[in-house]
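Q: Full structure from sequences and hints, please.
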Amino acid sequence: MEVILSQIFNGLSISSILLLIALGLAITFGLMNVINMAHGELIMVGAYATYVTQNLFNDYLPASLFNWYFVLAIPVSFLIAFLLGLVLEASLIRFLYGRPLDSLLATWGVALMLQQLARTIFGAPNVAVKSPTWLDGGMTLMTGVVLPYKRLFIIGLVIVTLLAMFLYIYRSHAGRRMRAVMQNREMASCLGISTRRVDALTFAIGSGIAGIAGCALTLMGPIGPALGTYYIVDAFMVVVLGGVGKLVGTIIGATGIGMFNTLFEFWTSASLGKVLVFVCIVAFLQWRPKGLVAMRSRSLD
Amino acid sequence: MQLKRLTPQRLYILIGYAVAATALFCAPLYLSDFRLNLLAKFLAFAIVALGLDLIWGYTGILSLGHGVFFGLGAYAMGMYLKLEASGTSLPDFMGWSGIKALPWFWKPFESFAFAAAAGILLPALLALGLGYFTFRNRIKGVYFTILTQALVIITTTLIIGQQAFTGGTNGLTGFRTIFGESLGSADTKRMLYWVTAAALLGAFVLCRFLVKSRFGRVLRAIRDGENRARFIGYNPAIYQMLVFSISAGLAGLAGMLFVFHVGIISPSTMAIVPSIEMVLWVAIGGRGTLIGAALGAILLNYAKSEFSASYPDAWLFFLGALFVVVVVFLPKGAVGLFGKLKIPQRRQSKHEQEPIGHSAV
Amino acid sequence: MSKNQSVILQCEAVTVEFDGFKAVQGMDLALQQGELRFLIGPNGAGKTTILDVICGKVKPSSGKVTFQGAVDITRRKEHQIAEMGIGRKFQAPSIFPTLTVFENLEIAMRQRRGVFATLVAKLKPEEQERIEAQLKMIGLQDKAQWRAGGLSHGEKQWLEIGMMLLQEPEVLLLDEPVAGMTDKETDKTGELLHEIARRRSIVVVEHDMEFVRNFASKVTVMHEGKLLKEGSMDEIQGDDRVAEVYLGKRRDADVSRSTA
Numbered sequence: 001m002e003v004i005l006s007q008i009f010n011g012l013s014i015s016s017i018l019l020l021i022a023l024g025l026a027i028t029f030g031l032m033n034v035i036n037m038a039h040g041e042l043i044m045v046g047a048y049a050t051y052v053t054q055n056l057f058n059d060y061l062p063a064s065l066f067n068w069y070f071v072l073a074i075p076v077s078f079l080i081a082f083l084l085g086l087v088l089e090a091s092l093i094r095f096l097y098g099r100p101l102d103s104l105l106a107t108w109g110v111a112l113m114l115q116q117l118a119r120t121i122f123g124a125p126n127v128a129v130k131s132p133t134w135l136d137g138g139m140t141l142m143t144g145v146v147l148p149y150k151r152l153f154i155i156g157l158v159i160v161t162l163l164a165m166f167l168y169i170y171r172s173h174a175g176r177r178m179r180a181v182m183q184n185r186e187m188a189s190c191l192g193i194s195t196r197r198v199d200a201l202t203f204a205i206g207s208g209i210a211g212i213a214g215c216a217l218t219l220m221g222p223i224g225p226a227l228g229t230y231y232i233v234d235a236f237m238v239v240v241l242g243g244v245g246k247l248v249g250t251i252i253g254a255t256g257i258g259m260f261n262t263l264f265e266f267w268t269s270a271s272l273g274k275v276l277v278f279v280c281i282v283a284f285l286q287w288r289p290k291g292l293v294a295m296r297s298r299s300l301d
Numbered sequence: 001m002q003l004k005r006l007t008p009q010r011l012y013i014l015i016g017y018a019v020a021a022t023a024l025f026c027a028p029l030y031l032s033d034f035r036l037n038l039l040a041k042f043l044a045f046a047i048v049a050l051g052l053d054l055i056w057g058y059t060g061i062l063s064l065g066h067g068v069f070f071g072l073g074a075y076a077m078g079m080y081l082k083l084e085a086s087g088t089s090l091p092d093f094m095g096w097s098g099i100k101a102l103p104w105f106w107k108p109f110e111s112f113a114f115a116a117a118a119g120i121l122l123p124a125l126l127a128l129g130l131g132y133f134t135f136r137n138r139i140k141g142v143y144f145t146i147l148t149q150a151l152v153i154i155t156t157t158l159i160i161g162q163q164a165f166t167g168g169t170n171g172l173t174g175f176r177t178i179f180g181e182s183l184g185s186a187d188t189k190r191m192l193y194w195v196t197a198a199a200l201l202g203a204f205v206l207c208r209f210l211v212k213s214r215f216g217r218v219l220r221a222i223r224d225g226e227n228r229a230r231f232i233g234y235n236p237a238i239y240q241m242l243v244f245s246i247s248a249g250l251a252g253l254a255g256m257l258f259v260f261h262v263g264i265i266s267p268s269t270m271a272i273v274p275s276i277e278m279v280l281w282v283a284i285g286g287r288g289t290l291i292g293a294a295l296g297a298i299l300l301n302y303a304k305s306e307f308s309a310s311y312p313d314a315w316l317f318f319l320g321a322l323f324v325v326v327v328v329f330l331p332k333g334a335v336g337l338f339g340k341l342k343i344p345q346r347r348q349s350k351h352e353q354e355p356i357g358h359s360a361v
Numbered sequence: 001m002s003k004n005q006s007v008i009l010q011c012e013a014v015t016v017e018f019d020g021f022k023a024v025q026g027m028d029l030a031l032q033q034g035e036l037r038f039l040i041g042p043n044g045a046g047k048t049t050i051l052d053v054i055c056g057k058v059k060p061s062s063g064k065v066t067f068q069g070a071v072d073i074t075r076r077k078e079h080q081i082a083e084m085g086i087g088r089k090f091q092a093p094s095i096f097p098t099l100t101v102f103e104n105l106e107i108a109m110r111q112r113r114g115v116f117a118t119l120v121a122k123l124k125p126e127e128q129e130r131i132e133a134q135l136k137m138i139g140l141q142d143k144a145q146w147r148a149g150g151l152s153h154g155e156k157q158w159l160e161i162g163m164m165l166l167q168e169p170e171v172l173l174l175d176e177p178v179a180g181m182t183d184k185e186t187d188k189t190g191e192l193l194h195e196i197a198r199r200r201s202i203v204v205v206e207h208d209m210e211f212v213r214n215f216a217s218k219v220t221v222m223h224e225g226k227l228l229k230e231g232s233m234d235e236i237q238g239d240d241r242v243a244e245v246y247l248g249k250r251r252d253a254d255v256s257r258s259t260a
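So the sequences go chain by chain: A, B and C.
Counting from 1, one number per residue, gives the positions in the first sequence under UniProt numbering.
Counting from 1, one number per residue, gives the positions in the second sequence under UniProt numbering.
Counting from 1, one number per residue, gives the positions in the third sequence under UniProt numbering.
For the record, the hints were derived by calculation from the structure and aren't laboratory data.
Yeah, the Cβ is synthetic: ideal placement off N, Cα and C, and Gly gets one too.
Hints are supplied without guarantee of correctness; some may be wrong.
Said to hold, decoys possible - Going by beta-carbon spacing under 7 Å, a handful of chain C positions derived as facing chain B: (1) Gly-34; (2) His-79; (3) Glu-103; (4) Ile-107; (5) Met-109; (6) Gln-237; (7) Gly-238.
A: What follows is the structure, given as structure tokens:
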């Protein structure tokens, strides 16, 4: 019983991290059809932003305030990744709309440069971010089943981010403009929407969410320049599995991959578990080539 | 067709090929042993680039998984060399992991012929299998690309995780001889260089035959409009599977040759970064031209060996910037740039980009 | 009347659904050998969809399509249907832009289409002649070595028609072959159609009523996914229901045009 419960919690925890990473991708890949391989590096930027915030608190503020650095770090990570996203969109991505494979290669080049930049600034070795003390320890569900607060916090953060995104996309004017542009660019442009601005904003929001993911990852362990590459492919698999264009698909995709990953790793070994998950994804795509939640339309291709 | 006549232009091209081939085979005369060894490695990479160009440049399918195929070939040959180096005892890393007897799947690799065949067939069959489960269901474009990248991750994780059978992170190394000849001797190295040069030439001829045949025209037709090709009566999935498989086989062949020259194969050689670097070789040389792809591989690796040792940081910046510049400004690579100067009407139309999410037919 | 013997293509009670929306509802269509049939109707009547069903691009939710009286082609894949002898021309010209005009025709030509067949295929002299004759027919003999992507819109349409002819299908499905053509090009396409119709069965989806009137052949009118009327052009024009459906539409179309 304890084993089952803690495995389920583990699975949920992995799913929540995957989801947080994939949410940004669901926007840039799902809505804009841009394959942003630098997404992992935006996560890294968010993580280092948290690291820097922590250091600033340490150096300039009284120790009693240190525990609250994390509350500030979340918006700071979002903002820095958001701004970087804006720059990236304006300088590179906008030349690559409609060429997804090229966007993949070019952004991979950006990823390389960002990684190297991080190595130059912060050094190649991993750095540790000290989590606030109020996230230490965990909730004891029963003997042998402890749910760490850090992981619970991440799950909560994902839910809040998800809600915010949902409200933004489906309930705000800006979100309506965004959906209009993604669904029918020409028409939206005729109606007086600045598609350029919407593209830039959409991409930047996707990047900003990556920043939040990076901030959350500092709770899980030390961070380094290659932080993003560990997660990026898994996150892309989530979007592919979930189907493009709908948030629900991404949520189910992340939960599915996270749960099965935990399950298979528990049954076999970490490396075989990954193979099995991959086989399952390919098998699943036999049944639904367009992913779980696919938008069907008359225009094929 | 009307191309059969020997126009002056064709004559120049033929002379160019002849000069290049001569220079290639005479390289041992004018290069030091060290440089020759480097060149041999680059030639092996050029074989990968040719295969990658078949699937990407000519068929429009981007694979980020060629590191796996390359690695499988390298591991197949590495297993043979390892067994030969170990003689009657077990390979050293197996002993460290407490394995008592040679695992069954290692046994056949005692034979060189088996290892050489497996080095090409294993990657080709893996590609055929992956292609069967993707192209048939029209999983293509970025979806396919991401799946190939996932293939890289799981393969490297698997090899690292199964340390007792694969040598783990360290990979396979400590090779001594091939057919009883020392791998380190200058004579053997020269011989292996010739073998590699001949393999590259063979791969080039094979690829050229493929792309110049009607088969090659169907490939380009599939790249231009997969659905249209389907409504003419071609089954794109079969073509894509076959090309992907040939391409993987070539990468496997290159991997085998790589092991001879470098003497080590480890998961880091087949990881995500090397896999995507292979794509850059083709992109920079010019996708859709065989000679461009091969030259791209050789030149970029030459530049890498010159710069990366002395300026490792600057090299990664340079590599990243190169990706961006080539993709945004030089979609046809160096050869395209060269061609653009001569033949202005050959501007790449936007039709060549694979339209995803937009209706094409 | 031995009608059934000469029926080459028969659609029976074909229904197509897109996410609950019925684009085609129980459509019947029988095409005789050597017939030139026009398919007309207002926008959204399901004309293109029924062509999509016949060539295999869309699978119907019910109903069947038999080809040459025997095979139910709704179960076949697109390339198999094409190989059996049903050719399709789409609305937008879809040629292979990076291949030359000659190469476009070469791969479209009737031949064995397996991978090994194309690997060893050599251009035989008679094939060369056929392609050159075709080039002449579509007026592109001077542009044989051009990249097809560089042709004008009308030339692309002809190239595509030329490709379809070399494909030698039993049944040709044409979707608005004269859309976007100049008057002169339209006339020439009309001549081409006349010539083709002598040897093959053709289904043409068309909006241009002037163009349809030039042919003395059977016309099928579709409306809201159903068969509305079938008959000669005169019968169609005299039909009240057709007039109602079309006049309503026509007025809309005129309004949108004058305000555009």
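Q: Check each numbered hint against the structure and report the violated ones by number, ascending.
A: 1, 5, 6 and 7
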